[in-house]
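Q: Please model the entire structure based on the sequences and the hints provided.
Chain order of the listed sequences is A, F, Y, D, S, G, E and V. Residue 42 in my numbering sits at position 42 of the first sequence, and the numbers go up by one each step. For my numbering, add 1000 to where a residue sits in the second sequence, where the first one is 1. For my numbering, add 2000 to where a residue sits in the third sequence, where the first one is 1. For my numbering, add 3000 to where a residue sits in the fourth sequence, where the first one is 1. For my numbering, add 4000 to where a residue sits in the fifth sequence, where the first one is 1. For my numbering, add 5000 to where a residue sits in the sixth sequence, where the first one is 1. For my numbering, add 6000 to where a residue sits in the seventh sequence, where the first one is 1. For my numbering, add 7000 to where a residue sits in the eighth sequence, where the first one is 1.
Errors might be hidden in some of the hints.
Said to hold, decoys possible - Simulated DEER-style distance windows between Cβ atoms:
1) Gly7253(V) <-> His2051(Y): 51 to 59 Å
2) Glu6196(E) <-> Ser7252(V): 33 to 41 Å
3) His2051(Y) <-> Glu6196(E): 40 to 48 Å
Stated by the list, open to error - Residues from chain D that keep clear of chain V, each with C-beta distances beyond 10 Å, as calculated:
4) Pro3006
5) Thr3043
6) Gly3057
7) Ile3199
8) Ala3216
9) Cys3360
In case anyone wonders, no lab produced these hints; they're calculated from the structure. Positions of the beta carbon are idealized from the N, C-alpha and C atoms, including for glycine.
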Amino acid sequence: MARGSVSIVVERCKACGFCVEFCPSKVLALSDAFNSKGYHPPHAVNPDKCSGCDLCGMYCPDFAIHGYRPGKPEAADAAEKEKEAE
Amino acid sequence: MARGSVSIVVERCKACGFCVEFCPSKVLALSDAFNSKGYHPPHAVNPDKCSGCDLCGMYCPDFAIHGYRPGKPEAADAAEKEKEAE
Amino acid sequence: MTHADPVGVLTGAHFLDGDHAACEGAICAGARFSAGYPITPSTEVVERFSHRAPKIGATFIQMEDELAASIAILGAVWGGVKAFTVTSGPGFSLMMEHIGYAVMTETPCVFIDVQRGGPSTGLPTLPAQADMMQVKWGSHGDYEIIALCPNSPQECFDLTIKAFNLSEKYRVPVFVMMDEVVGHMTEKVVIPRAEEIEIEPRHFTTQDKSSFQLYAPVGEEQTPEMAKAGDGYKVHVTGLTHDERGYPNMTPAVQERMVKRLVTKIRDNAEKICITEQNEVEGADVVVVSYGITSRVAQRAVEMARAKGLKVGTVRLITAWPFPDHVIRAIAPKVKGFVVAELNLGQMVREVERSVAGKCRVAHVGHAGGTVHKPEEILKAIEEVAR
Amino acid sequence: MTHADPVGVLTGAHFLDGDHAACEGAICAGARFSAGYPITPSTEVVERFSHRAPKIGATFIQMEDELAASIAILGAVWGGVKAFTVTSGPGFSLMMEHIGYAVMTETPCVFIDVQRGGPSTGLPTLPAQADMMQVKWGSHGDYEIIALCPNSPQECFDLTIKAFNLSEKYRVPVFVMMDEVVGHMTEKVVIPRAEEIEIEPRHFTTQDKSSFQLYAPVGEEQTPEMAKAGDGYKVHVTGLTHDERGYPNMTPAVQERMVKRLVTKIRDNAEKICITEQNEVEGADVVVVSYGITSRVAQRAVEMARAKGLKVGTVRLITAWPFPDHVIRAIAPKVKGFVVAELNLGQMVREVERSVAGKCRVAHVGHAGGTVHKPEEILKAIEEVAR
Amino acid sequence: MQLTELRIAGFGGQGVIMCASVIGRAASIVENGYATMTQNFGPEARGGACSAQLVLSPTPVLYPYVNKADLMVLMSQEAYVKFAQDIKPGGTLIVEQDLVRVQGLDIPDVKVFAIPATRIAEELGKKMVLNVVMTGFFGAISQLISRESLRKAVLDSVPAAFAELNGKAYDAGYEYGLKHMQSGALDLGEEDPVTITE
Amino acid sequence: MQLTELRIAGFGGQGVIMCASVIGRAASIVENGYATMTQNFGPEARGGACSAQLVLSPTPVLYPYVNKADLMVLMSQEAYVKFAQDIKPGGTLIVEQDLVRVQGLDIPDVKVFAIPATRIAEELGKKMVLNVVMTGFFGAISQLISRESLRKAVLDSVPAAFAELNGKAYDAGYEYGLKHMQSGALDLGEEDPVTITE
Amino acid sequence: MSTPICIQKAPENPVESFLRTDRMPHIWCPGCGIGTTVNCFTRALIDSKTDLNKLSIVSGIGCTGRVAGYVNLDSFHTTHGRAIPFATGLKLASPEMTVVVYSGDGDLFAIGGNHLIHAARRNVDLKVICVNNLTYAMTGGQTGPATPLDVITATAPYGTYDPAFNLPYLVEAAGAVYVARWTTFHVKQLAKSMQEMFKKKGFCFIEVVSPCPTLYQRRNKMGDALDTMKFYKEVSKVKHGAPTNEVGLSKSGEIIVGKFVDRERPDFETMMKAHLEASLGEKYIPAEAPTCS
Amino acid sequence: MSTPICIQKAPENPVESFLRTDRMPHIWCPGCGIGTTVNCFTRALIDSKTDLNKLSIVSGIGCTGRVAGYVNLDSFHTTHGRAIPFATGLKLASPEMTVVVYSGDGDLFAIGGNHLIHAARRNVDLKVICVNNLTYAMTGGQTGPATPLDVITATAPYGTYDPAFNLPYLVEAAGAVYVARWTTFHVKQLAKSMQEMFKKKGFCFIEVVSPCPTLYQRRNKMGDALDTMKFYKEVSKVKHGAPTNEVGLSKSGEIIVGKFVDRERPDFETMMKAHLEASLGEKYIPAEAPTCS
Ligand SMILES: Cc1ncc(C[n+]2csc(CCOP(=O)(O)OP(=O)(O)O)c2C)c(N)n1
Ligand SMILES: Cc1ncc(C[n+]2csc(CCOP(=O)(O)OP(=O)(O)O)c2C)c(N)n1
Ligand code: SF4
Ligand code: SF4
Ligand code: SF4
Ligand code: SF4
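A: And the structure:
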């Protein structure tokens, strides 16, 4: 199974293709469909290869995609809470 | 005889002493008298040592003194005129 | 007066917006130098000039800011060319010191201000007419300037030429006060043949070099002749209070003489300088005063009012400064009132009120900008005043 | 209202010039930050502040120019302190953009302008009162500000405190419009004890962080509460047209709402804000209007006129902006006329004319600056109007 | 040409203003009538709302704004939502078929025409010419200006290097329009042609 | 103290303003009366014309300017030329003896007193204190303000490090004044004390 | 679409909590690099554990200047060119604050150039992020002081002929203590540089070379944003410590990236305090976190 | 006086014909260095045989700025800080003119700093003479951007704590082609540098360290003007070609003087003409000496 996953907010995407190009695992491709602004957002064509490295998230100029490792965020949340308690 | 001479417009002098200090031949000294603004202008105490180098003229911030070599300016004038004729 | 240099005159009909038309006006007027700094909605003027300049023997330079642009043109003028700069509100606010310097040194030049919504960064792409008082009062000290308000691309062309002509005649900075709508509105603009375009040349002196005084007034314009750098007149130009030779002379007497002349050369000639467009003023009950794009909106309101049987005249301010006091003063006693419509919350209306001096009503139809009035708003004011 | 922080309050009698007194006023008002750039005849204000600052927990920074100085104080205000800058004509002309920004962002702050002869570099060491229209109109777009005119070193002290108080109350830049005479005139200045000095504190919000709106008006001042950086409110401050949250929202509707409030918060409260000093106005035939140093010169003329049996009153404009229309309007029908004396060629007189609306005569005694009027000049005008 | 009021709208980057400008130029310069174009745009260089108003008239235009439009060209859903209700009864609406879903329009007798201008432009090799495709389509549908005048205005407005492409785009739009006119205006009950919103 | 109008003038660098300021401070702060000082100066940091006007009064001062002065202190020829004719008949003129040639003064009953303040200051080791010498001289001649009040105002106006020097300068001027008063005012016919002009 | 992507269960994009999401979508064009820099900025903030309540961001005017409006921080969108003096006032008035200046090359180096060099000279503790898209984008792509030679702009229709500033060199000469350059391709390195900068006291400067596909690349036939990113990847060369006078940019040449300057010099406030303490001793009362009664 | 000096027969002071003698005496203080620099300037003009009819001088505001008012040349006393952009306009409008900018350190580097670096970047053909008296003199001796650390000024009563610009370094980094520094003690060298500068095309810059005895030296107990000149003599070290980043000034340390930079780089107009000619060919009409109908 994939170590990671991507989350995409298609309506924000403007189809620059950065995520597709710079995903080290070649997980993504632009789809044929339009979003409401007329752009072709990406979709995961190789979802099982995703490492959750979030490079796509760092590149995306429209905050439309990010990668994550399921389980990790919860930990982060916990850390957040700890900090707040200090 | 001195090769050069100094000319002083005492009313312009503000007694900074540059000319006195930097005259390479120590021709000048500040006088005791006041000019109308209350400054002590220089006078030539060793006039015969003056080389006419015009260093005093280059230093004087008040355009109050300059050195010259008698005869030289005429030549300069002539050069000036020549230039104009070109 | 002479005629335009045919180089650069694009005789014919064009579909141009006001910004582009103003650029062509400047070129026809003889401008051969512009320094600019981009700002919406004015940038198209200098963008066009940057295209056109190398083909007509002109120079365009984009400076590092508006401070630089507004004084580079003054340097260029003293170098002998006609020059202008272009900006909008925020940039205009940065030019204030140099308006004063241009006035003080009697440097003929033209500023184009394409007004957008303010204050501050405001509405960069949307219209206002709210720099109208600023253009008159934004620099420190007492002074007078001339400001013109086109209401169509054609007038952006025509009045830019006029601006250059007036600036040469009175050695004063002249301002073309456009608004974003006029700047970005596209219409047919007809450019005449060069020989049909009247041009005020720079009045270079031919006086004797030893006795010429750079600031000695001449004629009823009370305006001195010019010399440019390199002509051998050894001019001295300063923003300090100066005498007729241009020498600094910081005494109340010289201040009085100099500043008085700077203002009276405009005030005394105001009636000659002022242009208004009057329509059906005779016999009117209400006169609508407006300028720029608002005059075209107001015109629709006026037509609506006339359709309802009201007697409405119009005065369009083509010259906003000097303000045509005399025009308003003459009308005031004969009408019920004025309606002043403008894209601001009360600027030129103050001048109308002052000129009216209580002789009739003055109603203001203000607007914070961002778009134009609805004709109905103006109509409502007309109806109220007519009542 | 609260009282001055005793730190830095030099209670007692001092022999100070107006510049120095204004600095003490700022300190008493709570100013703990000033950014400046030297310019005659205002520099003494910041020079003194640079001496005083490190001993009262304040910061002075000399910036690279007036553009920087005039926005550094705004940054400091959002950092939580009271702040001011000081300048004179040429520097003031460079601050125009930031007046608009301060108005737009409702940043309370004080500008001191010590007026010298203009336009341009003009008369650096000599007086004028010719930035009076500039302070109101020098930035692009529509806005309102408050401007005060002291006529003595004591008032330079008092009105600087007042300026800070008003700026906090209305979140608006307030201007102390000195003239070179008042700035450099030395007299006894009495500084009260800290607990006798009334201070308007900054109105920091205590509202809920999640629902607080930085630009939601409160109370009859129509003025929002403030938050400072670091308070956790995550403020957004912009010079763009913005909604109550402070978010850019470039629509005519928001423009109308926002700009209207910016001007009405001052216009609606004008009668509360305006201070004038009236003397023997009741029953007067002629009323002399003046401000700053001119009011003291005019007073001599008034005494001369009274000695000749003329009935002369005076109105001194302590607040120049908002202009006290209501005061002039109330007097106009009862007098033969106003005489307006000022060190310029016609600035505040236009406001008098406008307010008078033809109800009586208005005579202007202008002066290009460099020195004050001769009382006789003002007397002559009084006699003419009284005739 | 009688007085005609048009609005053309979409988002930045679609060439809305150029489309309006070409029509205005054709009417006023090529055909020697009068045209006044005004525009509205936001701070965005791309993707922001963008609209132009165009008044065509046989006499000089005074009031430059359009209240109710005889004809509208809308190229984005946002533009549709904002402007469509301001079409005159009996007026004409032209839309980009893939970007506008025509719905809830209850103005009597409006004729609606749609063209997949973006796709046609993409097929021609340059998405950017979608506005010229639109212009052609507009020319055919409106019949306000002669096919040739409008074509000339297009070519006068583009750099020589792009003349061919733009000519093709114009023709493609025009032809599509002619075909479409024959098949008649859209039935407003039609299927949603666009948009994925997850 | 009755209403007294003074003018003090010279050139920049002589400490004209400070001289006036000390007198004003003595009158208003030390002696609790009223004083208004105004000043005029040019762009020069040194050597330019510089003058101060001072109105001393038992009640608040309104009009801050001096038309005709009861007393003038003039420290340069330029100042003399510019201002001397504005002394009130019967008034007092105090001059720097080496820098001002009193000539052509035809105002009735003016009393003239001169002091070589610059030389005295130079002798004290610092030309800069010439204004304090002047102040002392003024104090003695005018008798407007008590010797001690004026001295206090001097010391309040200078940095502590220079208190001694300034105190000495003040006293030197004052003493010179006392002596001079006894010997009476200058005879205007006197020899030109200054200036070389080649 | 072929693959179902589970949005409900996905954790939030880390950038999300830094955004004023009610203002999305932003105004930037497809492929504009500014958003990418914001990603790096937020990652750097997370990783450096910066106290977000004590962080302000100050922008000037421009496409980049809009960053201030999108981040959910105390944020100030000032006037064109004046972010730095505003930030200087803010910083001096609240010394405990980390103040970031986030703006464009035109804003910082054209109209704002003077403030930049003076703040660097004073070594005011500001963290400057300069998104260098080589043009004035907001106004439509005119020549800016960082525009390379021989490119077409809206005001240089026949190509630019005035040489550009070499930003790192100028900033170093003016006095900055930390100077780095990356491109939007270098997201990891950029985020790391930002982290370093947050930790460093004094005037710090990071240049991010960034695509403006709409106005710069398109006019110069340099392809779209993606082509530009590939171009950055291809021509960039990491040279930490490179002499800044050798890192000038050209239209299509090498882009030297890396950390160029990292030196120690007391910042303005430190200098001020130390100096005043030494001069005034007991009498010195330093400006504290403000109360503003 | 002891020696009769024959004034009648003496030739005129060479500076005299360059002066507006009807404006003498000037406003400068006793021992102020500005007048000395004017002597060097006029000697350089004479020796370089510059055409005085084609020479303009442009000043900003300040004590130094008053030079424009005293020289009998086409001369422009502009606004504070704006001499360079005025000169840029003047130069571009009349390319045959030699345009000298003569102003103070505050005028050129404080308020005018931005224009200076941009003109240097563009390499506009201007000859800039900066009289650096280390303070804002005209306004009474406040701190300027060239004021060294630890000196007393009117706005730094407890001593300065913000570091000064190293002017030659900054100007070189911005792009100047000729950079030199002298003090008013070095009258001959200064005059020679000026001569070189008149001959060089492009943005040239000479810093002249100069006494302001009235406001700088006096406040800092550095003696009078003469003491200052002796101090210059003592601490100056000629180092032609010294790396500019090593020539910063301090209150009482070494003053490195000499010609630091002299490099070739086409000036703005040359670049412009070449570029436009290449792009536009026949269609290019260069701006000529103006007629202005
Ligand atoms: C005083 C002033 N002048 C000009 C402008 C117009 N203006 C807005 S943004 C901008 C340029 C921005 O360029 P840059 O800083 O490089 O940012 P970018 O848009 O490229 O991100 C200009 C000139 C303005 N808003 N204010
Ligand atoms: C806009 C503006 N700000 C401030 C001033 C006041 N001012 C005049 S000269 C000057 C400083 C001059 O310093 P510098 O250039 O070093 O020349 P110097 O007098 O030392 O020769 C200042 C701040 C002014 N005239 N205009
Ligand atoms: S998280 Fe990494 S591996 Fe997954 S899609 Fe994004 S870039 Fe590719
Ligand atoms: S250098 Fe000039 S001013 Fe100085 S002492 Fe000599 S003559 Fe006088
Ligand atoms: S114009 Fe350029 S910089 Fe601005 S948002 Fe678009 S791509 Fe980005
Ligand atoms: S103040 Fe300084 S710079 Fe100015 S003239 Fe005097 S000595 Fe020279």
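Q: Output the numbers, in ascending order, of every earlier hint that fails for this structure.
A: Hint check: 5 fails alone, others pass.
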